[in-house]
Structure formats: C-alpha cells, structure tokens
Amino acid sequence: MSETFTKSMARNIFYGGSVFFFLLFLALTFASHQDFPSRDNHEALTETVAKGKRIWETHDCIGCHTLLGEGAYFAPELGNVYERFGNSTEAIKAFIKSRPVDGVPGRRSMPQFNLSDEELEQVAQFLKYASGIKTANNWPPNIKG
Amino acid sequence: MKYKSQSVAKLYFVAAIALFVGQILFGLVMGLQYVIGDFLFPEIPFNAARMVHTNLLIVWLLFGFMGSAYYLVPEESERELVAPWLAKLMFWIFLIAGAATVAGYLLVPYAKLAELTMDDLLPTMGREFLEQPTVTKLGIVVVALSFLFSIGMTILKGRKTVVTLVLLIGLTGLAVFFLFAFYNPENLVLDKYYWWWVVHLWVEGVWELILGAILAFILIKTTGVDREVIEKWLYVIIAMTLITGLIGTGHHYYWIGTPDFWQWWGSIFSAMEPIPFFMMTIFAFNMVNRRRRNHPNKAAVLWALGTAVMAFLGAGVWGFLHTLAPVNYYTHGTQITAAHGHMAFYGAYVMIVLAMISYAMPMMRGRKAANSPSSQVVEMWSFWLMTVSMVFITLFLTGAGILQTYLQRYSDQPLDFMTVQDKISLFYWLREIAGVIFLIGLVLYVVSFFVGTDDPEAVEKIEVDAETA
Ligand code: HEM
Ligand code: HEM
Ligand SMILES: [Fe+2]
Numbered sequence: 001m002s003e004t005f006t007k008s009m010a011r012n013i014f015y016g017g018s019v020f021f022f023l024l025f026l027a028l029t030f031a032s033h034q035d036f037p038s039r040d041n042h043e044a045l046t047e048t049v050a051k052g053k054r055i056w057e058t059h060d061c062i063g064c065h066t067l068l069g070e071g072a073y074f075a076p077e078l079g080n081v082y083e084r085f086g087n088s089t090e091a092i093k094a095f096i097k098s099r100p101v102d103g104v105p106g107r108r109s110m111p112q113f114n115l116s117d118e119e120l121e122q123v124a125q126f127l128k129y130a131s132g133i134k135t136a137n138n139w140p141p142n143i144k145g
Numbered sequence: 001m002k003y004k005s006q007s008v009a010k011l012y013f014v015a016a017i018a019l020f021v022g023q024i025l026f027g028l029v030m031g032l033q034y035v036i037g038d039f040l041f042p043e044i045p046f047n048a049a050r051m052v053h054t055n056l057l058i059v060w061l062l063f064g065f066m067g068s069a070y071y072l073v074p075e076e077s078e079r080e081l082v083a084p085w086l087a088k089l090m091f092w093i094f095l096i097a098g099a100a101t102v103a104g105y106l107l108v109p110y111a112k113l114a115e116l117t118m119d120d121l122l123p124t125m126g127r128e129f130l131e132q133p134t135v136t137k138l139g140i141v142v143v144a145l146s147f148l149f150s151i152g153m154t155i156l157k158g159r160k161t162v163v164t165l166v167l168l169i170g171l172t173g174l175a176v177f178f179l180f181a182f183y184n185p186e187n188l189v190l191d192k193y194y195w196w197w198v199v200h201l202w203v204e205g206v207w208e209l210i211l212g213a214i215l216a217f218i219l220i221k222t223t224g225v226d227r228e229v230i231e232k233w234l235y236v237i238i239a240m241t242l243i244t245g246l247i248g249t250g251h252h253y254y255w256i257g258t259p260d261f262w263q264w265w266g267s268i269f270s271a272m273e274p275i276p277f278f279m280m281t282i283f284a285f286n287m288v289n290r291r292r293r294n295h296p297n298k299a300a301v302l303w304a305l306g307t308a309v310m311a312f313l314g315a316g317v318w319g320f321l322h323t324l325a326p327v328n329y330y331t332h333g334t335q336i337t338a339a340h341g342h343m344a345f346y347g348a349y350v351m352i353v354l355a356m357i358s359y360a361m362p363m364m365r366g367r368k369a370a371n372s373p374s375s376q377v378v379e380m381w382s383f384w385l386m387t388v389s390m391v392f393i394t395l396f397l398t399g400a401g402i403l404q405t406y407l408q409r410y411s412d413q414p415l416d417f418m419t420v421q422d423k424i425s426l427f428y429w430l431r432e433i434a435g436v437i438f439l440i441g442l443v444l445y446v447v448s449f450f451v452g453t454d455d456p457e458a459v460e461k462i463e464v465d466a467e468t469a
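Just so you know, the sequences run in chain order R and Z.
The numbering of the first sequence is the numbering used here, which starts it at 1 and goes up by one.
The numbering of the second sequence is the numbering used here, which starts it at 1 and goes up by one.
Keep in mind that the hints were calculated from the coordinates and are not lab data.
All values reported here derive from a predicted model rather than from experimental measurement.
Think of the CB as a built atom: it goes at the ideal place given N, C-alpha and C, for glycine as much as any other residue.
Some hints could be false.
[As the list claims (entries may be wrong)] List time: in silico SDA-like cross-link candidates among lysine to any residue, alpha-carbon distance up to 25 Å:
(1) K221(Z) x T281(Z)
(2) K93(R) x D38(Z)
(3) K7(R) x I220(Z)
(4) K51(R) x Y183(Z)
[Said to hold, decoys possible] Stretches of chain R that chain Z covers, calculated by requiring three or more beta carbons in the stretch to come under 8 Å of a beta carbon on chain Z:
(5) 6-18
(6) 40-52
(7) 64-74
(8) 95-108
(9) 136-142
[Claimed, not checked] Distance ranges between label pairs, derived from CB positions:
(10) E90(R) x W381(Z): 52 to 60 Å
(11) T172(Z) x G106(R): 23 to 31 Å
(12) P456(Z) x G106(R): 54 to 62 Å
(13) L138(Z) x E90(R): 34 to 42 Å
(14) Q112(R) x W429(Z): 44 to 52 Å
(15) V141(Z) x D35(R): 29 to 37 Å
(16) D102(R) x Y194(Z): 33 to 41 Å
Next comes chain Z alone, as it looks inside the complex (with noise of 0.2 Å):
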C-alpha cells in the first residue's frame, strides 16, 4: 500500500463481505419457500426476503466498487485521497441507511414502511430491485455525490490513467442512470420503459465500464504488462460494450407495450453484446500468458481470470440464450431469466469485486504483496465452491425454466403456472442443495482471512526461462 489513506478501502470491503453473507442467507430462505411454500409464512414473506436478498447483493457490490476504487485511485493517481474523513463519514451514513431499511423489509408490513417513510409524497417504492423508501434513495444519491467527489477530485489533482478516467465516467453513469429511480410514472409502459433505465444501463452499461476499469487494474499490478497495451484493450472493451448495450436496451422492449420495431433493434444489437464480455476474455488470459512477473497474490488473479470466463458465460452465453426476440416470446420471465441473472451477476460483479478484495487486502493488512500461501490456499477452494455451486444453480434453474417455458407457454395443452412449479420442484431442490454448497463456499471464504495470518506470506516465483538461461 503506498498512500495511507487508501486503506479506507478495508471498512468498505468488510461490510460488503459481511452483506454478502446476508444476501446468500435470504437466498437460501426463497429457495426453501420455492419448495416449503409455507417456510417462514406468513413472518417472512417470499417479496421480503427477495427484496432483502437483492437489495443487499446490489448495496454490497456498491460498497464494492467504492471500496475498489479508494483503493485504486490513489495508487493511479499518485497522491492521497482527497477528504479521506468524507470517505468514512459516507460509509457509516451508507451502512446504516442500508442497514434501516432491510430491518424495514423485515420488520414491519412494506405498506406500513411505505406509510412510514411518507413514501406518497415522492411514490417510488415498489419497483423491482428499486424497492428502498424515497428517503433511502435520497441518502444513496448524496452518497455517490460525495463519493465521486472525492475520487474525481484526487484523479483531478494527480496523475491522470485511462484506467482512472474510465471508472470516472462508469461512476459518473452509474450515478446518473440511478436518477430514473425517482421518475415513477402512472402509466405503467412509461414506467417500465425508464425502469431499464437504471436496471439495464447500470448492469450492461456503465457497471460494464467499472468492471473493466477494475480488471484492466489487476492485471496490471499483476502481470506487469505494459500499460500502453492493457489501456488500449480497455478502450475497445468498453467501446463495444457500449455500442451494442445502450441499443441492446431493445432486448427488454419487446413485450411491455413498446412499438414492434424493438424487436429488431434489440434482437440485432443484444446479440453483439456478448462480444466484449469474450473480449474480456481473450484479454485476460492474454495478458497472463505474457506476464513478467509472477504476482505471489496467485488467489488474486485466479479471481480474475474467473470472472472473464464466468461474465463471458453468465452474461454472454446465458444472455444470448434468451435475448433474440422469437426467444424471449416464450422464455420471457421465466426461470431461465433468474438462471441467467444469477451467473451474470456472480460472474462479472461479484467476482471482479472478490478479485479486488484478493488483491488488496493483503496489503491493507500489512502484507508486503500477497497471504500466506496456507491462507490462499483456503480462498481459491472458496473461488472453487461457489463458482462450481453457481455454474450448477443456473443449470438447474435452465432445466427448471425450459420445462416451464415448455410446459406452461409451448405446448399444446398448455398447464397453469402453479401447476408447473409443483412438476419442475425437483429442480428447485437441486438448486437449494447446489446453494448450499455455495454458503459453504462462502463461509471458507470469510475462513480464509484468519488462516495462516502469522505465517510468512508468499514469495514470487522467479521463472528461469529455458532459452535466455
């Protein structure tokens, strides 16, 4: 670590690791009520715990992120944190508004935390994923305000990277997309058209440019391969994925009361979108294979490699899947959608924010470079658990899906929805045993901090390369 005050990363990343844990929880408690209907009915109905369980997936990943980049940003710019007191105050403003507000989802009825909160004065609760009372949302606002002061302010002040300004502008998006938060429309087509505003353009859009940003970063430190080389990768990552993701928006215009010719515009650009997640791909594994150094940090960049392989096959291939509209006719809100948001999710968000973890921790730990290798060795049976876990949850939900898809909208006869959940339980006993494996996953994960801390930590390989010696 070479600015004091980037180790306010750390409270950043432990509660997003703690959050985590809450998330997988609550995930744990649905897959149960998929099956056990009854479970925990009526206490903790099913939308509460989903909105618990998705909320606190994108809070952490939010915590993530800002803690990636209190990290990163000094290091690239080459000076201290602008108002790094701002930085803490706005972490323990954002934990506790976050903290309220899942207590609200649990404890009290939503209509009464709707009451409660006065949410008829600016109605915009009740939305999926935007379910969080006005004033929360407010509180979210102020706090990406104050935190892209301080990072625009130190990359402003300091040395000025590709990689800095690219997270500059994915930050500066996702801040501005979340306004759409606060436009709630009567007219449910309006709604639902700007709703994507903020779904669509954070997770295919400008969260593409900060999971780039933060990758092109670790490989970086990591390989060290030449900047030049990795920056130009990053422009043409995050050119693609804009040029097919902000039209790819189509993809979700289909069946909403949209004119017909999203169709073809979301179907043509859509489909493009996998292209720079497979660049992301070639681009890591590239620069691994043409490393000078050999990072001692081996969980950190096995974390990276993961998540360009798993965003490509979450994102790229599970989107593909269902994205082209003759497709999405049939599969459309079906359970091949939560199979594929949850390997897209995992793979290119939760996994770039573990990479990051994994590479800065040690340092803010008092690290020179990397754990111990006893400690490593625990992290990457967690990488091992809950990227397999994951791979077998969506396989499960796909077979779930193309059974419902099949069952309830193709065929002949077609069966009633609740009918189709009693015949596909299988599957979803499957995924909740597959979750469990996850929780384990996870649970080594957090293990994996305390392993080996007084060991010596691990060294760099030096290569004796076969031709030069």
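Looking at chain R on its own, in the form it has when it is part of the complex (with noise of 0.2 Å):
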C-alpha cells in the first residue's frame, strides 16, 4: 500500500467506519421493530403458541427441519406446513403422533417424541401461529417449501 496512506488513516477509518455502520445497523434495527407488528402475527401469539415453541425448542426439531429456511436440511420446510396439511392442524398432529418407534426402515424417519395431546395441541398451534407470519414476497416459492 502507498506511502501518503499511512497507518494512523487507516485506523481512524476502522474505528469511524465501525462506529458509523454499527449505529447505521442500530437505527435500521429500530425501524424493523416499526414494522414488526404489521407482519410478525402477534395477535395470534396466545399461551397455547408460546408453550407450542417450547415444545419445539425443547425436542430440538430445528435439528432436521428448517424454520423459514432456517435450521437443518434434512427434513423438510415448516414454516408453512399448516399450508401444506390443508390448513389443519389435526394434520399436524396426526402425523407426529404416528411416526414409528423404529422408525421406516432405509428412510429417514422422525423420532417418536411421545408428546401428550396437550402437548401435540400448542406444538400445532405454534406451526400454524408461524405460517400467519407475512414474508417478504411470501416466501417460500411454493407450497414444497
């Protein structure tokens, strides 16, 4: 690097430059949180959902599927399988309440967690309060997720 370009110029850019963007990033961050409410589906946020996520976080199923695209790719895309069940969540529970034990020989087969219908019920729920967040050019693609 040139001469004229000396170091003490290129530290006031890195402490200008960082200060800078981190309060650019800080402000952009509030003006997010302006808009969260018109599209974060937090009138549908009841104690049945928030108990729902726990169910989800605590049987880690980030750890196969993804969530909004985001998590594991072995399993597939959640964020809309209310959609993808027909709107059901009787669907949704069917289908976790049914996984076998050992699981489908050759496949990958998802864990048989046991839940109770309580349980099932607020982890249904949660998947259908997540469907009813608005993404941005209703991400995903289409209904495979």
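With the hints as a guide, bring both chains together as one complex.
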C-alpha cells in the first residue's frame, strides 16, 4: 500500500467506519421494530403458542427441519406446513403422533416423541402461528417449502 | 518460545485437535444418515448428531482462539501472562462443561436434557448452534470473562501492539454478542432477528478481527516483513469487515418476517463482504513475496496462505453466490447454504487455528522454530488432503443444492422435499466419500505430531540473491 496512506489513516477509517455503520445498523433495527407488528402475527401469539414454541425447542426440531428457511436441511420446511397439510392442525398432530418408534427401514425417519395431547395441540398451534407470519414476497416460493 | 506462560496454549491446542476429530466423526455419521436414513436410528437421531457436529466445531474453534491468544499475547506484550493458573483452571472447566454437554446430547433425549438442566427457568435451548443447556451457556460466559481478564490485563500491562489490540476487540465482541444467546422471546420474528446477532455478527464480524490478528501475527513472525506495513493492512482489512459486515447482517433478514427494505440493504452491503476476504488473500501473498527470511516452518506458512485463499473462496465466493435477495429467494435454506457453511468455516476459522497451531506447537514442544522435515511433509500432506476434499464436499453439496433448488422451488412442477432428496442422493454419496478422505487427512494431521520427533529440525534456507551476490 502506498506511503501517503498512513497507518493512522487506516486506523481512523476502522474506528470511524465501524462506529458509523454500527449506529446505522441500530437505526435500521429500530426501523424494523416499527414494522414488526404489521407482519409478525403477534395477534395469534397466545399462551398455547408460546408453550408450543417451548415444545419445538425442547425437542430440537430445528436440528432436522428448517423454519422459515433456517435450521437443518435434513427434513422439510415447516414454516408453511400448516398450509401444506390443508390448513389443518389435526393433520399436523396426527402426523407427529404416528411416527414409528423404530423408524421406517432404510428411510429418514422422525423420532416418536410421545407428546401428550396437550403438547401436540401446543406445537401444532405454534406451527399455525408461524405460517401466519408475513414473509416478504410470500416466501417460500411454493407450497413444497 | 520466549515466555514460560505461553505454554498454557498447548493444553488448548491439544483439546482443540481432539474435539476436531470428534466433530468430523459425527459429520460422517450424518453424511451416512443422509443416504441411509435409518442409520443408528433411533439411538442417535440426526438432530443429536448435528448438535454434536456443530457444537464441537464451535467449541474447538473457541479453544483454538483462546490457545492462540495465550500464545500470541505474551510474545506481543513482551511479558508473562497475567494469572496463567486461571487459564489452566478455565481450560478444565470449559473442557468438562463441553464434554458433559455433548454426553448429554447423546445419552438422554434432548427434552430430558432440557428438563434436567431446568431450561424452563431461563429458556435458551433448542435454537440452531445455541442448543447448549442454559447452565453450559452461563459456564461459557464465566470462561470467556476470565479469559478476557487474563488476556486484557496482560495487554494493558505490557507493550501494546495493533495485533493485540485488534485481537482484544475481536474477543471482547465475541463475548458481548454471545450474550444475545440468552435472549429468547416468544415472538418468533424477534427470536430469529436477534439470533443472527450471535451467529452472523460472530462469523462475519468480530471473528474476522480475530482471524486478521492471528494471520498478521503469523505473517510478522514468518516473513520478517516490517510490522508497520502489516499493521496498516490489518486496519484496512478489519475496517472493510465491519463496514460491510454489520449491515450485511441484512442478508439474513430477507424472508423471516422482517421488512422488505432489508432486501436492498442486505444485498448491497453483503455483496461487498467478499472485499475484506479478497484483501486478506492479496495481503498474505504480498507479505510472503516480500519476505526478508525463509522461515523453516514451511507448513505454517502453507496453512497461513491456505487460510487466505480458502476463506476468500468459502466466504467470499460461495457467500456471494447466494447473498443477493433474488437469488436467495430460491436458495434460502437449501444444500447451497450447507455448501457455503462448510467451506467458509473450514477456510476461515479451521485453517487459521491450524495455522497458529502449526506455528506455535513446535516451539512449545522444545524446538527452536520448526518441526523436522519429515514431520512437515506429513503435515503438508494432511493440508492438501483436507483442503482438496473440502473443496469437493463443497462442490458436491453445491450440485445437490442447484438440483434441489430447481426441482423443489423453480421448475413448473415443483416436487416434494423428500422426493427431491431421493433424486439427488448420488451427490450425498459423493459428499460422504469426500468426507472419508477428509478424515484420512485429519488422521494424517494427528500422525504428523508423532513423526520425526527425534530428527533434527528443519533449518532456514539462506537465499543467495542473484543481484547482490
Ligand atoms: C468431513 C466430513 C463432514 C461431513 C460428512 C459433514 C456433514 C455435515 C452434515 C450432514 C451437516 C448437516 C446438514 C443439514 O443440516 O442437513 C453438517 C452441518 C454443518 N457442518 Fe459439517 N460435515 C463435515 C465436515 C465439516 C467441517 C470440516 C466443518 C467445519 C469446517 C463443518 C461444519 C459444519 C457446519 C457449520 C454445519 C451447519 C451448516 C449450516 O447450518 O448451514 N463440517 N455437516
Ligand atoms: C468466514 C465467514 C463465514 C462463515 C463462517 C459463514 C458461515 C455460514 C453458515 C454456517 C451459514 C448457515 C447459517 C444457518 O444455519 O442458517 C451461512 C449462511 C449464509 N451466508 Fe455465510 N459465512 C461466512 C461469510 C459469508 C459472506 C462473506 C457472505 C456473503 C458474501 C455470506 C453469505 C451467506 C448467506 C446469504 C447466508 C444465508 C443462506 C440462506 O439463506 O440459507 N456468508 N453462512
Ligand atoms: Fe451472514
């Protein structure tokens, strides 16, 4: 690098640039918060849904599935599973409940979690809530996730 | 080794390598589960293997960073480490906490682990990469604070250099952003928004400062180039990192219920994120070309140059591939993401830690500057085996990802997720084969520590410059 560009100039760019863009990042975060209520489906965030999120978390569902495209890529996207299953929480519950304990020979299988009826309802409601989040351009591109 | 207390780094490095082996074994388990779905089911379900794989990765990289800091800081500060006993104590605490956590993942169902560790008191579990029980997370905070204390005090009391300053900023940032791991709101959009403050602001923010500082240190030591020049480069690189990378977080805010404006901010800024990685490549090659000495530790120089190239490819090129919003709309959460994640983590952070280990270990094991030539030859073989097989892992996953994106999301008759997975299984088999070669490379790496230990060490080749001779 040229001699006229000194180390202290480089240092100032680092400090000045970092501080400036961090503040800009905070400003954009603030702007995002203004927008969240219009799309985050908080109206549907009941106590059942909150408990459903705990079921989701304590069984590490994200370790196989994606949710709004984030997670693992071993099993299908679940951000829109409610719609894929015909807008039916019953269908979701029936699926989770019917997983064979020893899996399906040779196939990727989902564990049998032995959830109670209450827990099944909670996690299904959580997935319904997630499907109501308004993602930009209606992501995912189609119903397959 | 100039200072006795630098030797605590050895503990950290040995643990890092051991956990690295564990990480790869579980990677291979998952790779097989991708094609033979019921492999080890239900004993080790995929999600358990994945937690072990990714958490071991993070933990061993943290061991690697800490070891690097414990080695580098006394030398830069020109004094002994403050409280080396604390470094040793924290090592054991971290290792035991880590081992117990992994054992927990494998031995009890995850829900049981959450119950046993009373996750309900402060629920933080069950989010990708942050699956550790809350108590483990608290342990990590304690370890990080103690670590920052001994490193920070050593820096404050000794000579201050740009390398140590940048390292300290990076490590402090690492600890600060980890605190967002404790924020887990019920609102999914908020949860996801701040989850990235740990994940993205780590790998595309503060960790790059750590990477830059370690790379600069190795280059100063192995090339003999004037410190002033190297430090100027370091400042420019990390300036570009944060200028692009902070707002670049927006490339994760396209489709998770966040506002549309992120598609512009995220695309534009993250498209510039490859710049600092590219500068790192130019920097490393430039310094090696202008070297004032031929350091006898050729393996360390190879790792350092390899880091510069592979970080650019994995983070810069493979990151750019899917970072623009219109592309990411189709590739989001597919095997393209996995391809990029693998090469970026390997190229940037695995390789820099291995470069530092390569540079420092010989001295900590009683050599003057380098291992014997025979040991270095084995180490360089392991470099090529791991690096080339990682390139192939990335290429195979990219192939799988392109097909997946097309068949499941782009074509006129989109197919079900599982149907597509069956159709692209060939690529997963190829990935697994490349993974086995990676493992062979890793075994060779471990072997290199035991080869030629009784041989005399490699010596510096004095170049006769044609013009001056
Ligand atoms: C060598 C053999 C390896 C194999 C067979 C392997 C396999 C896998 C598999 C199957 C996954 C899960 C993908 C999914 O969620 O569906 C994964 C995730 C991951 N692995 Fe590996 N892996 C290997 C090596 C590595 C190495 C060397 C690194 C680090 C440099 C690494 C870092 C990661 C990361 C960061 C993830 C999470 C990726 C994401 O969330 O996008 N793996 N690996
Ligand atoms: C060393 C630096 C980097 C590392 C270690 C890294 C690692 C990763 C990992 C592990 C993921 C997957 C996260 C998840 O599981 O959801 C990811 C996602 C992503 N990365 Fe990086 N990355 C790095 C740099 C970059 C850069 C420089 C760019 C852009 C130029 C980039 C663009 C992306 C994008 C767009 C995604 C989201 C993919 C999706 O939508 O599924 N990354 N990265
Ligand atoms: Fe990112």
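Going through the hints against the structure:
1. K221(Z) x T281(Z): holds (18 Å)
2. K93(R) x D38(Z): Cα-Cα ~23 Å, so holds.
3. K7(R) x I220(Z): holds (16 Å)
4. K51(R) x Y183(Z): Given pair K51(R), Y183(Z) holds - Cα atoms ~17 Å apart, limit 25 Å.
5. 6-18: Three-residue rule met by the region 6-18 of chain R, so holds; n is 8.
6. 40-52: Result for this restraint: holds, n = 6.
7. 64-74: Answer holds; 10 residues pass the 8 Å Cβ test.
8. 95-108: holds (count 8)
9. 136-142: Holds: 6 residues of the region 136-142 of chain R have a Cβ under 8 Å from chain Z.
10. E90(R) x W381(Z): 52 to 60 Å: holds (58 Å)
11. T172(Z) x G106(R): 23 to 31 Å: violated (50 Å)
12. P456(Z) x G106(R): 54 to 62 Å: For G106(R) against P456(Z), whose Cβ atoms are near 56 Å apart, the range 54 to 62 Å holds.
13. L138(Z) x E90(R): 34 to 42 Å: holds (40 Å)
14. Q112(R) x W429(Z): 44 to 52 Å: This hint is violated: roughly 28 Å between Cβ atoms.
15. V141(Z) x D35(R): 29 to 37 Å: Given range 29 to 37 Å: holds, Cβ gap about 32 Å.
16. D102(R) x Y194(Z): 33 to 41 Å: holds (39 Å)
Checked against the numbered hints above, the structure breaks hints 11 and 14 and satisfies the rest.
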